[in-house]
Amino acid sequence: MSQANAIDERPSITIAHENQIANVSFAGTLFAAETLAGPWSVITNADPPYAAEPRSPRQFYRAGVYPTNSIFSSASAVVLNLTGPFQAYFDLAFAGLPDGMIPPVREKPYFDGTLRMPVSWCR
Numbered sequence: 001m002s003q004a005n006a007i008d009e010r011p012s013i014t015i016a017h018e019n020q021i022a023n024v025s026f027a028g029t030l031f032a033a034e035t036l037a038g039p040w041s042v043i044t045n046a047d048p049p050y051a052a053e054p055r056s057p058r059q060f061y062r063a064g065v066y067p068t069n070s071i072f073s074s075a076s077a078v079v080l081n082l083t084g085p086f087q088a089y090f091d092l093a094f095a096g097l098p099d100g101m102i103p104p105v106r107e108k109p110y111f112d113g114t115l116r117m118p119v120s121w122c123r
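Using the working numbering, the first residue of the sequence shown is number 1, and each one after it goes up by one.
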């Protein structure tokens with residue numbers, strides 16, 4: 001399957017075992033890692049069904065879209081912009097310091113806010 005065709009399909013994966021060999025059927029790009037936490041690497045030139053020979057340590061497989069373009073595909077920092085009337089509501093939430101047995105009442109009204117992040121991370 002070509003890389004262009006893999007991007008057009010929804011990623012999916014099915015793994016079946018036959019005679020100590022894992023047959024991996026997938027749509028999208030096939031990734032492998034030695035642990036679930038990764039790092040995940042692309043198995044190049046993998047066509048479904050992919051016959052995975054037994055390995056030590058074992059391999060984990062997943063299907064995805066290459067290049068991975070999600071907020072969780074990198075360890076780099078992401079710029080997030082939060083906008084809203086935060087200070088007014090921070091002031092309401094801080095009702096002062098306790099001055100005795102009864103603590104001050106802290107108001108917690110609902111307010112609207114907006115979260116914005118780069119479009120390239122929103123796929």
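Bear in mind the hints are in silico, worked out from the structure with no lab data behind them.
You may find that some hints are simply not true.
What the hints assert, rightly or not - Pair ranges (Cβ atoms, derived):
(1) Tyr89 / Ser12: 27 to 35 Å
(2) Arg10 / Val78: 48 to 56 Å
(3) Thr14 / Val42: 14 to 22 Å
(4) Ile15 / Pro109: 48 to 56 Å
Glycine residues also receive a C-beta, built at the ideal position from the N, C-alpha and C atoms.
Task: Hints violated by the structure (listed by number, smallest first) - done: When the structure is compared with the hints, numbers 1, 2 turn out to be violated.
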